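Protein sequences appear in the order of chains A and B. Under the working numbering, residues 1 to 403 are what the first sequence spells out, in order. Under the working numbering, residues 1 to 161 are what the second sequence spells out, in order.
Rather than coming from a laboratory, the hints here were simulated on the basis of the structure. These numbers were taken from a predicted model, which means no experiment stands behind them. Treat the hints with care, since some could be wrong.
Using 20 Å as the maximum straight-line C-alpha spacing, the simulated EDC-like pairs for lysine to aspartate or glutamate come out as follows [what the hints assert, rightly or not]:
{"hint": "1", "chain 1": "A", "residue 1": "K379", "chain 2": "B", "residue 2": "D41"}
{"hint": "2", "chain 1": "A", "residue 1": "K263", "chain 2": "B", "residue 2": "D84"}
{"hint": "3", "chain 1": "A", "residue 1": "K327", "chain 2": "B", "residue 2": "D46"}
{"hint": "4", "chain 1": "A", "residue 1": "K389", "chain 2": "B", "residue 2": "E58"}
{"hint": "5", "chain 1": "B", "residue 1": "K20", "chain 2": "B", "residue 2": "D84"}
{"hint": "6", "chain 1": "A", "residue 1": "K263", "chain 2": "B", "residue 2": "D7"}
{"hint": "7", "chain 1": "A", "residue 1": "K144", "chain 2": "B", "residue 2": "D84"}
{"hint": "8", "chain 1": "A", "residue 1": "K263", "chain 2": "B", "residue 2": "E5"}
{"hint": "9", "chain 1": "A", "residue 1": "K144", "chain 2": "B", "residue 2": "D7"}
{"hint": "10", "chain 1": "A", "residue 1": "K144", "chain 2": "B", "residue 2": "D44"}
{"hint": "11", "chain 1": "A", "residue 1": "K87", "chain 2": "B", "residue 2": "E5"}
{"hint": "12", "chain 1": "A", "residue 1": "K138", "chain 2": "B", "residue 2": "D31"}
{"hint": "13", "chain 1": "A", "residue 1": "K379", "chain 2": "B", "residue 2": "E47"}
{"hint": "14", "chain 1": "A", "residue 1": "K213", "chain 2": "B", "residue 2": "D7"}
{"hint": "15", "chain 1": "A", "residue 1": "K382", "chain 2": "B", "residue 2": "E58"}
{"hint": "16", "chain 1": "A", "residue 1": "K379", "chain 2": "B", "residue 2": "D44"}
{"hint": "17", "chain 1": "A", "residue 1": "K327", "chain 2": "B", "residue 2": "D56"}
{"hint": "18", "chain 1": "A", "residue 1": "K382", "chain 2": "B", "residue 2": "E5"}
{"hint": "19", "chain 1": "A", "residue 1": "K327", "chain 2": "B", "residue 2": "E5"}
{"hint": "20", "chain 1": "A", "residue 1": "K379", "chain 2": "B", "residue 2": "D46"}
{"hint": "21", "chain 1": "A", "residue 1": "K138", "chain 2": "B", "residue 2": "D84"}
{"hint": "22", "chain 1": "A", "residue 1": "K144", "chain 2": "B", "residue 2": "D56"}
{"hint": "23", "chain 1": "A", "residue 1": "K389", "chain 2": "B", "residue 2": "D46"}
{"hint": "24", "chain 1": "A", "residue 1": "K87", "chain 2": "B", "residue 2": "D7"}
{"hint": "25", "chain 1": "A", "residue 1": "K138", "chain 2": "B", "residue 2": "D44"}
{"hint": "26", "chain 1": "A", "residue 1": "K144", "chain 2": "B", "residue 2": "E147"}
{"hint": "27", "chain 1": "A", "residue 1": "K138", "chain 2": "B", "residue 2": "D7"}
{"hint": "28", "chain 1": "A", "residue 1": "K90", "chain 2": "B", "residue 2": "D31"}
{"hint": "29", "chain 1": "A", "residue 1": "K144", "chain 2": "B", "residue 2": "E58"}
{"hint": "30", "chain 1": "A", "residue 1": "K382", "chain 2": "B", "residue 2": "D84"}
{"hint": "31", "chain 1": "A", "residue 1": "K144", "chain 2": "B", "residue 2": "D31"}
{"hint": "32", "chain 1": "A", "residue 1": "K90", "chain 2": "B", "residue 2": "E5"}
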Amino acid sequence: MDAVVLEIGFALVLIASVGLIAERFRFSVIPFYIIVGMLMGPHVPHMGILDFRFLESYEFIEFMGRLGVLFLLFYLGLEFSVSRLLKSGKSIVAGGAFYVGLNFVSGLLLGWMLGFPLKETMVVCGIMTSSSTAIVAKVLVDLKRTANPETEIIMGMIMFDDLFIAIHMSFLSGLVLSGATSVGAIAKTSVFALGFILLFIAAGRRFMKYIDKSLDIKSSELFLLTVAALLFVTAGLSETVHVAEAIGALLIGLVLADSVHGKRIEHMIVPFRDFFGAMFFFSFGLSIDPMSLGGAVGAAFIGVLLTIAANFISGRIAGRIAGVSPKASTNIGFTLVSRGEFSIIMASIGKAGGLLPVLQSFAVVYVLLLAVLGPLLTKESKNIYMFFKFIGDRFRRVPQEKN
Amino acid sequence: MQVKETDLPGIGRKFILETKEKGRVIVIVHDNGTREMYVPDPKDPDERLSVGTFTDDEARKLAGIIGGMAYKPKALENIDIEIDDLVIEWHRIDPASSWIGKTIGELKVRQLTGVSVIAVVEKEKKNIVPGPDYKFVSDSVLVVAGERQHIKLFKELLAAK
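Only chain A is shown next, with the shape it has when bound in the complex (with noise of 0.2 Å):
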């Protein structure tokens, strides 16, 4: 007992410095605290005081990790909003819809490929669909391309991928947590689930008044501990109806996101993501054997390939649909590329309900590539461009010669 608070120092001073090594090539920090977590665990030698096993503090790094999950998803739904998404054009819609088709078919395909039996391909259609919303935000405002015309396309398409993930989730957690086995009992719980979300979204829009009215609190302390004590009663009771209590975290997220404070919670509740989710990665990471990584590469580089051709296309289609020049189009695509963190969450989805660990050293080795291949990609996305558009103009031109 008495080494856990200076494990856990031990695990922050190892997540903030891979997390500024990162920061300083300009990488994602996700994988690089997912590789942390997973080089430290039970195998590492230990000298005296510098124990780098996580032995007595594991469970409670666990718990930081759970409750990371509470705050990335509370933070996802309170940045959504139904209303924005039907604002934002029938143009995004449909590209949206092809962008979550086509990758949705490709983790199909995966799976089929794979040999992976129903769970297993589901937890696989989640990981490829989920773009990180965080990475891809990132690289746009870094590479200076906020004001371009496609990137409204982009944050569109994303918000439409955040209602995918929001749906696949709670379908995922009926699927795999609830233990049922026959399709009645699962198609039971996956309606239930749905039932309890639409429910609890159609009360929230019912009582905001009354939201708005008891969240009207001066002090920030006050307010913090009443959104916090709204965010883990509504994770619990979820939980206790059988509702993944990361779907009840979205969900008190998206009901607040309409409220008057949304913008004032938001703001409060980012240092709690980052600290927690940084614990998050942090944990799954130590949770994964790096010996068992081989196994996974194969399927992971095949992953990578079906997502980039799948995101390719449908940013192609997308870009047609909205009437941006193709070149945009193709920016679409490969910015969107990126995996992070709701790619974890869906493997974490399937690590809670005891499915095959590979799905696990999967995940972090597509999410490793990707976090790293879809910034280079987007920010490289006008030179493939080019080259594409070379090829292509050579083959249309040789036939024009002969003629």
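Put chain B on the given structure of chain A with help from the hints.
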């Protein structure tokens, strides 16, 4: 000038300004308070050139300068700027003014004239949006906003003995 606004979920809000001389300026207001300004790249219609990135503080200063509000009158008794029908003027309270020692509430500035006092710059300190309890002191500059006819009433009230 036309201003088009669009949401950039996860980033912030985008404003496209079409200026009179067919120019276009794009301003991104990030959720974290950062502002960015872009203009189209004349060589490539798909690209945007960054003009600058500003912190919240810097952006406010810049807005003040562009809006003409940061310009501090020195010798002049009043300067005005006009935005649509709204006029903003600077007025000095001279040492003989009857206003000295009275509060905004007592003088019923807004009730009588319709003009709002948005700031009072004293020698040592600045009062942004002073309340009705604010007491006027000698040698300070008032920044007031209102419509043209209200400002006229305000001038009469200020000059009254």
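Now the hints, each set against the structure:
1. Pair hint K379 of chain A plus D41 of chain B holds up; C-alpha atoms about 17 Å apart against a cutoff of 20 Å.
2. A distance of roughly 31 Å separates the Cα atoms of K263 of chain A and D84 of chain B; the hinted pair therefore is violated under the 20 Å criterion.
3. At roughly 8 Å between alpha-carbon atoms, K327 of chain A and D46 of chain B fall within 20 Å of each other, so this suggested pair holds.
4. Between the alpha carbons of K389 of chain A and E58 of chain B the distance comes to roughly 42 Å, so the proposed pair goes past 20 Å and is violated.
5. Between K20 of chain B and D84 of chain B the alpha-carbon distance is near 16 Å, which keeps this suggested pair within the 20 Å criterion.
6. Under the criterion of a C-alpha separation no larger than 20 Å, the hint pairing K263 of chain A with D7 of chain B is consistent with the structure, at around 15 Å.
7. Straight-line distance between C-alpha atoms of K144 of chain A and D84 of chain B comes to about 33 Å, which puts the hinted pair past the 20 Å bound.
8. A C-alpha spacing of about 19 Å is found between K263 of chain A and E5 of chain B, which places the hinted pair at or below 20 Å, so the restraint holds.
9. Distance hint between K144 of chain A and D7 of chain B is fulfilled; the C-alpha atoms sit about 17 Å from each other, no more than 20 Å.
10. Distance hint between K144 of chain A and D44 of chain B is fulfilled; the C-alpha atoms sit about 15 Å from each other, no more than 20 Å.
11. Restraint check for K87 of chain A and E5 of chain B: the C-alpha separation of about 13 Å stays at or below 20 Å, so the hint holds.
12. For the hint pairing K138 of chain A with D31 of chain B, the CA-to-CA distance comes to about 12 Å; that is within 20 Å, so the pair holds.
13. A threshold of 20 Å between alpha carbons decides the hint, and for K379 of chain A with E47 of chain B the separation of about 13 Å falls inside it, so the pair holds.
14. Straight-line distance between C-alpha atoms of K213 of chain A and D7 of chain B comes to about 27 Å, which puts the hinted pair past the 20 Å bound.
15. Between K382 of chain A and E58 of chain B, the direct Cα distance comes to roughly 32 Å. Violation of the 20 Å bound is thereby established for this hinted pair.
16. Between K379 of chain A and D44 of chain B, the direct Cα distance comes to roughly 17 Å. Compliance with the 20 Å bound is thereby established for this hinted pair.
17. Between K327 of chain A and D56 of chain B the CA atoms are separated by roughly 33 Å; this puts the pair beyond 20 Å, and the hint is violated.
18. A C-alpha spacing of about 27 Å is found between K382 of chain A and E5 of chain B, which places the hinted pair above 20 Å, so the restraint is violated.
19. Between K327 of chain A and E5 of chain B, the direct Cα distance comes to roughly 24 Å. Violation of the 20 Å bound is thereby established for this hinted pair.
20. Annotation: proposed proximity of K379 of chain A to D46 of chain B holds, straight-line Cα distance about 14 Å (limit 20 Å).
21. With a C-alpha separation of about 38 Å, the suggested pairing of K138 of chain A with D84 of chain B is violated against the 20 Å cut-off.
22. For the proposed pair K144 of chain A and D56 of chain B, the alpha carbon gap of about 18 Å is at most 20 Å, so the pair holds.
23. With a C-alpha separation of about 16 Å, the suggested pairing of K389 of chain A with D46 of chain B holds against the 20 Å cut-off.
24. Taking the CA atoms of K87 of chain A and D7 of chain B, the gap is about 10 Å. The hint holds against a cut of 20 Å.
25. This hinted pair does not check out: K138 of chain A and D44 of chain B have alpha carbons roughly 24 Å apart, beyond 20 Å.
26. At roughly 41 Å between alpha-carbon atoms, K144 of chain A and E147 of chain B are farther apart than 20 Å, so this suggested pair is violated.
27. For the hint linking K138 of chain A to D7 of chain B, the alpha-carbon distance of about 16 Å falls within 20 Å, and the restraint holds.
28. Distance restraint check for K90 of chain A and D31 of chain B: the Cα-Cα separation of roughly 25 Å exceeds the 20 Å cut-off, and the hinted pair is therefore not satisfied.
29. Of the pairs offered as hints, the one joining K144 of chain A and E58 of chain B holds, with about 19 Å between alpha carbons and a cut-off of 20 Å not exceeded.
30. Proposed proximity of K382 of chain A and D84 of chain B is contradicted: the alpha carbons are some 43 Å apart, above 20 Å.
31. A distance of roughly 15 Å separates the Cα atoms of K144 of chain A and D31 of chain B; the hinted pair therefore holds under the 20 Å criterion.
32. Restraint check for K90 of chain A and E5 of chain B: the C-alpha separation of about 18 Å stays at or below 20 Å, so the hint holds.
Hint compliance for this structure: hints 2, 4, 7, 14, 15, 17, 18, 19, 21, 25, 26, 28, 30 are not met, and every other hint is.
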